[in-house]
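Kindly generate the complete structure, drawing on both the sequences and the hints.
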Amino acid sequence: MHIPDGFLTTPLWLSLDVVSVPVVGWCGRRAQAGTDESKAPLLGLMGAFVFAAQMINFPVAPGTSSHLLGAALLAFTVGPAAAVVVMTAVLSLQALVFQDGGLLALGANVFNMAVCGVLAGYLPYRYWGAGRLRRAAVFLGGALSVFVAATLAITELLLSGIRIPGAALGASLLVFAVSALIEGTITVAVLEALERINPSWVETRPGQARPAMGLLALASVVLVTVGVLFASAAPDGLEKLAVRAGINERARALMETPLAGYEVAFFSGSWAAKAGAGLVGLALAGALGWALARVIGRRRRV
Amino acid sequence: MAALIEVHNLRFRYPDGTEALRGVDFRLEGRETVALFGPNGSGKTTFVLHLVGLLRGEGEIRICGLPVEKEHLKTIRSRVGIVFQDADVQLFMPSVLEDAAFGPLNLGLPEAEAKRRARRALEQVGMAGAAEKAPYHLSAGEKRRVALAGVLAMEPEILILDEPTTFLDPPGREALLSLLQGLPQAKFLVTHDVEFALALAGRAVFFEEGRIVGEGPVAEVARKHQWTVNQRRFFSGAQTG
Amino acid sequence: MHHVVLDEWSRRTSPVHRAEPRGKLLGALAFLVCVATAPRIEVPQFGGYLLLVLAGISLAKLPVVPVIARAAVVLPFSGVFAVMSAVAGDTDRAMAVVVKSYVSALAVLLLVATTPLPRLLRAAERLGAPRMVIVVVQFLYRYLFVISEQAQHMRQAARCRGELARRRSAGWRARFRAAAGALAVLFGRSYERAAAIHQAMLARGFDGRIRSLAPPAGSATGWWLPAAAALVAVAIRLAHRMEFPWPL
Chain A
1 MHIPDGFLTT
11 PLWLSLDVVS
21 VPVVGWCGRR
31 AQAGTDESKA
41 PLLGLMGAFV
51 FAAQMINFPV
61 APGTSSHLLG
71 AALLAFTVGP
81 AAAVVVMTAV
91 LSLQALVFQD
101 GGLLALGANV
111 FNMAVCGVLA
121 GYLPYRYWGA
131 GRLRRAAVFL
141 GGALSVFVAA
151 TLAITELLLS
161 GIRIPGAALG
171 ASLLVFAVSA
181 LIEGTITVAV
191 LEALERINPS
201 WVETRPGQAR
211 PAMGLLALAS
221 VVLVTVGVLF
231 ASAAPDGLEK
241 LAVRAGINER
251 ARALMETPLA
261 GYEVAFFSGS
271 WAAKAGAGLV
281 GLALAGALGW
291 ALARVIGRRR
301 RV
Chain C
1 MAALIEVHNL
11 RFRYPDGTEA
21 LRGVDFRLEG
31 RETVALFGPN
41 GSGKTTFVLH
51 LVGLLRGEGE
61 IRICGLPVEK
71 EHLKTIRSRV
81 GIVFQDADVQ
91 LFMPSVLEDA
101 AFGPLNLGLP
111 EAEAKRRARR
121 ALEQVGMAGA
131 AEKAPYHLSA
141 GEKRRVALAG
151 VLAMEPEILI
161 LDEPTTFLDP
171 PGREALLSLL
181 QGLPQAKFLV
191 THDVEFALAL
201 AGRAVFFEEG
211 RIVGEGPVAE
221 VARKHQWTVN
231 QRRFFSGAQT
241 G
Chain H
1 MHHVVLDEWS
11 RRTSPVHRAE
21 PRGKLLGALA
31 FLVCVATAPR
41 IEVPQFGGYL
51 LLVLAGISLA
61 KLPVVPVIAR
71 AAVVLPFSGV
81 FAVMSAVAGD
91 TDRAMAVVVK
101 SYVSALAVLL
111 LVATTPLPRL
121 LRAAERLGAP
131 RMVIVVVQFL
141 YRYLFVISEQ
151 AQHMRQAARC
161 RGELARRRSA
171 GWRARFRAAA
181 GALAVLFGRS
191 YERAAAIHQA
201 MLARGFDGRI
211 RSLAPPAGSA
221 TGWWLPAAAA
231 LVAVAIRLAH
241 RMEFPWPL
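Note that the protein sequences, when read in sequence, are chains A, C and H. Numbering of the first sequence is given in our numbering, commencing with residue 1 and proceeding in unit increments. Numbering of the second sequence is given in our numbering, commencing with residue 1 and proceeding in unit increments. Numbering of the third sequence is given in our numbering, commencing with residue 1 and proceeding in unit increments.
Keep in mind that the hints were calculated from the coordinates and are not lab data. Check each hint, because a few of them may be wrong.
Label pairs and their computed distance ranges (CB to CB) [claimed, not checked]:
id	chain 1	residue 1	chain 2	residue 2	range
1	A	Val226	C	Arg56	16 to 22 Å
2	A	Gln54	H	Glu192	17 to 23 Å
3	H	Cys160	A	Asp36	42 to 48 Å
4	H	Ala69	A	Pro165	27 to 33 Å
5	A	Ala167	H	Arg173	43 to 49 Å
6	H	Gly208	C	Glu60	24 to 30 Å
Short, incomplete list of chain H residues facing chain C, as computed with Cβ under 7 Å [stated by the list, open to error]:
id	residue
7	Ile197
8	Ala203
9	Gly205
10	Arg211
11	Leu213
All values derive from a computational prediction rather than experimental measurement. Note that the Cβ used here is the ideal one computed from N, Cα and C, for glycine as well.
Structure follows, in structure tokens:
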């Protein structure tokens, strides 16, 4: 989901640009291994592969087809840091040459797909890829990469005040879930095909299996992502919940607080609180991602 | 005077165990042009990659007297220029001029000198006008010429060409032939194109299953190993059928 | 392929093409910021922005209709959200989303259609973009066409096989597996091509740092045009709202 220019509010696209640059720069230096740029041809060709791969249609049911995003597959083959660089390169080219995604919004798209998508995709593999749950880990990685990236995008749109009625939001999430499952399936199929042709292309020892840690990390990612989504769509969701639970009156009182009056408040200043809540959530996701990246980095150095 | 290329008992095994080279001895002296024939998979390209240290086997290789070892690689790679079969893989810079200048810049030459050499090499191959073009706008023959320019810009003493006539149409082949005939370097030609070799090379070696099994004048080696298109055998079927 | 057309446009000559790439990049960014920070769509303001971009397109001697049409690729996406906003009663937002996304896309298109991509990337690097990403994009762009062509051929071949399979009722599952296999082969070819490129680089003395010629030293005049355009955009922006409203 490539966000064009003109959708996101200034603090949002600006802060995501500011966050993305050092993260991508750091990954670039890691992929570079010092000043050695030998990996550049490989990463460039992998980017071309992703582009070309997105042209190949996968029939997923009679009449419908989908295509690969690639973030997870890249993470399992060239590693997460390099995968971030490749996805960033792909997104940059898509924005510049195909006007797919805005230029100011590039930071947001990079954050969603290249950084969080790769990280969320790599997590299950990192903790479960070495054991019997490998296939499930690969599938989950593929699914999570798409789901997290898409959910973050929708969240950012909501935070910017874009109207998405409940029904459309629900439908979108459903579509994301289906796309996620498809990505997982494609990723498993392609990775297994790769292993048959040449096992050295695939990262076979992603680190010892640590199921508990994996579960925790996974849960955090999902919770933060979904949590931020609901926070930004709060009024609708909370209201429904409140009515259901019969605590409508109390809920109303609660809602008179900063998150109240979604439509009007947007233009009269409580936007700051809402945006603040959302940004904090995003910052949390970002910090989590960064911390996890450090953990991964430390392991790989060993 | 040391030979330009001296190879003693070169052996090489791929990681999966296949023996690609089983004791190759070879010598290239002075300004000669040598052709390398042999079936696909006989080890020709593998052999050639050893000469610039892209593959490391057992045995002795000396280029211009220097052993092919890590500390000499930079010098060796400036003395031996390889033009690979796939020209697309060698033209990786955004423009023709930048690509031709890649080698000289890696040699540590200052930019002005690198540019000068690049332009001169492009002139030598007749592609001076394409200096600002992007590589993907060139035809197969043009790409091959630019790849050659990239190598010539390093001013090597030995030129190795791996299947230089592939994808070239007859005029392209002719052009390449006269171009190569005009170059002073010693040349090592890996090719299936016997006519081309006859026109350029003074002698030939024949590779088979990782060894050199024949050596001598080009026509003789080709005939002895039946390495030529037997026109009568090809066309007799059409007459009767 | 789409990028072939853009590549051809970017190699023409005109005052815009000759302008300094860094200037054009900065100018485009300034324009985009003006558009992005505008609080609502007012015809004078956005008419001004549109005129500015159209002036750029004609000064660049680009074919106007194809350029305008190409930027419209952003409209389906924006349109959906515009409709949702309009239905919810927020027509301001509906307009904003459509107009801003289109004008921004047009501006980026003008930038890329007047600057060959390698030079644009070099400009970005000089302005501080991470080097590794820049270098990777260079290689990506260089081999994009080659790999895409391979994918096209595979798709056609697969379609032929798919046709046969459908007739034999092999079903979509078989085609799925075939597509996965095709991707794996494509991956392999890309990987091996990268290895061959690396070998070719080593053979010409590559030691880890990719060296290339410095871009031609631009004269000071190369900055005039983009600076002027940026100033016009900023002037339009400031003339319409003296305060700098953060929402939107």
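Structure-based check of all given hints:
| no. | hint | result |
| --- | --- | --- |
| 1 | Val226/A to Arg56/C: 16 to 22 Å | 53 Å, violated |
| 2 | Gln54/A to Glu192/H: 17 to 23 Å | 21 Å, holds |
| 3 | Cys160/H to Asp36/A: 42 to 48 Å | 43 Å, holds |
| 4 | Ala69/H to Pro165/A: 27 to 33 Å | 31 Å, holds |
| 5 | Ala167/A to Arg173/H: 43 to 49 Å | 33 Å, violated |
| 6 | Gly208/H to Glu60/C: 24 to 30 Å | 28 Å, holds |
| 7 | Ile197 | 5 Å, holds |
| 8 | Ala203 | 5 Å, holds |
| 9 | Gly205 | 3 Å, holds |
| 10 | Arg211 | 4 Å, holds |
| 11 | Leu213 | 5 Å, holds |
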